[in-house]
Amino acid sequence: DVKVTQSSRYLVKRTGEKVFLECVQDMDHENMFWYRQDPGLGLRLIYFSYDVKMKEKGDIPEGYSVSREKKERFSLILESASTNQTSMYLCASRRQGAYGYTFGSGTRLTVV
Amino acid sequence: EDKVVQSPLSLVVHEGDTVTLNCSYEVTNFRSLLWYKQEKKAPTFLFMLTSSGIEKKSGRLSSILDKKELFSILNITATQTGDSAVYLCAVGAGNTPLVFGKGTRLSVIA
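Residue numbers (my numbering), protein chains in the order written: chain U, 1 to 112; chain S, 1 to 110.
Hints in this document: simulated from the structure, not taken from any laboratory. Beta carbons: idealized from backbone N, C-alpha and C, even for Gly. Among these hints, one or two may not hold up.
In the EDC-like style, the derived pairs of lysine to aspartate or glutamate whose C-alpha atoms are separated by at most 16 Å in a straight line are [as the list claims (entries may be wrong)]:
(1) LYS40(S) x ASP38(U)
(2) LYS37(S) x ASP66(S)
(3) LYS3(U) x ASP38(U)
(4) LYS3(S) x ASP59(U)
(5) LYS41(S) x ASP38(U)
(6) LYS55(U) x ASP38(U)
(7) LYS3(U) x ASP28(U)
(8) LYS3(U) x GLU22(U)
(9) LYS53(U) x ASP38(U)
Computed, partial: chain S to chain U, Cβ under 8 Å [what the hints assert, rightly or not]:
(10) VAL19
(11) ALA42
(12) MET48
(13) GLY92
(14) PRO97
(15) GLY103
Using the sequences plus the hints, can you model the full thing?
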C-alpha cells in the first residue's frame, strides 16, 4: 500500500525551539508539498519541491524552511517556533505531471 | 490570483438526507478539479474532473463539472453518519501546486 508517512502525529514544543517535521513517501514521487490547515482558513501552502534539492516558496513561507536531500524525504523546519505556528501540518506528494496528491496523516503541532 | 470558493462552509443534516456541496473557481490555465474527503486525518481522494458535463459516480457520491460557469458540485445521497467529514475542493492548473478551497464541514446526525 503506497503511502506518505509523517513522523509524528502529535507534537508539543516550546516557543523558540527549532522544530523538524519529517515526511517520507514510498511512491518515487518527484513533487512534495507542505501545507498547514487552520479552522476557517483551509489548507495554505508553505513550501513545495519539484525534485531533489529543489524548493519553492508557497503562500506563507515566513518562519519556515525546508530540506529535500533525498527524493523520498521532505522536511519542514520551524527555525524558532512561535505560538502562531500551532496548527495541523499536512505533507503531500504526487508524480510529476499528475494533479492529485497523496496526503500524509498530518502532524498536529502545539507551540506553548 | 487563483481562487477556489466552497459553499456552504458547514452543514448539518439528518441521516437519509441528500446534500449538495458547491465549489467555484477562478484559475488561470485550468486543468482539473479534485474532491477530497477528510475525516480525522489524511484527506482521501474522491474524484478528479477534467471535462464538463461528465458525471463521476462512486456509490452514493457523484460529482460534475461545469467549465463554462466555473463550478463543480458534489452530491451525496442517502447520507450516513460515516459521511461526516470535511470535503475539500482543489483545482489544478498546469504544473503548479493545487489550490484548495476552505472546505465544507458536513455533519450527519442520526
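Here is how each hint holds up against the structure:
1. Using a Cα cut-off of 16 Å, the hinted pair LYS40(S) and ASP38(U) holds, with the two alpha carbons roughly 14 Å apart.
2. Between LYS37(S) and ASP66(S) the alpha-carbon distance is near 21 Å, which puts this suggested pair outside the 16 Å criterion.
3. At roughly 23 Å between alpha-carbon atoms, LYS3(U) and ASP38(U) are farther apart than 16 Å, so this suggested pair is violated.
4. About 13 Å separates the Cα atoms of LYS3(S) and ASP59(U), which keeps this hinted pair within 16 Å; it holds.
5. This hinted pair checks out: LYS41(S) and ASP38(U) have alpha carbons roughly 13 Å apart, not beyond 16 Å.
6. The suggested pairing of LYS55(U) with ASP38(U) is violated, with an alpha-carbon distance near 23 Å, which exceeds 16 Å.
7. Distance hint between LYS3(U) and ASP28(U) is fulfilled; the C-alpha atoms sit about 10 Å from each other, no more than 16 Å.
8. A hinted pair counts as satisfied when its Cα atoms are at most 16 Å apart, and LYS3(U) with GLU22(U) qualifies at roughly 14 Å.
9. At roughly 28 Å between alpha-carbon atoms, LYS53(U) and ASP38(U) are farther apart than 16 Å, so this suggested pair is violated.
10. Taken as an interface hint, VAL19(S) does not check out: its beta carbon lies about 19 Å from the nearest beta carbon of chain U, beyond 8 Å.
11. With 8 Å as the threshold, the beta carbon of ALA42(S) comes within range of chain U, its nearest partner Cβ sitting at about 4 Å, so the hint holds.
12. Taken as an interface hint, MET48(S) checks out: its beta carbon lies about 6 Å from the nearest beta carbon of chain U, inside 8 Å.
13. The closest approach between the C-beta of GLY92(S) and any C-beta of chain U is roughly 4 Å, which is under the 8 Å cut-off, so the hint is satisfied.
14. Because the closest C-beta pair between PRO97(S) and chain U is about 5 Å apart, less than 8 Å, the hint holds.
15. Interface restraint check: GLY103(S) against chain U, minimum CB-CB distance 6 Å, threshold 8 Å, status holds.
The structure shown violates the earlier hints numbered 2, 3, 6, 9 and 10.
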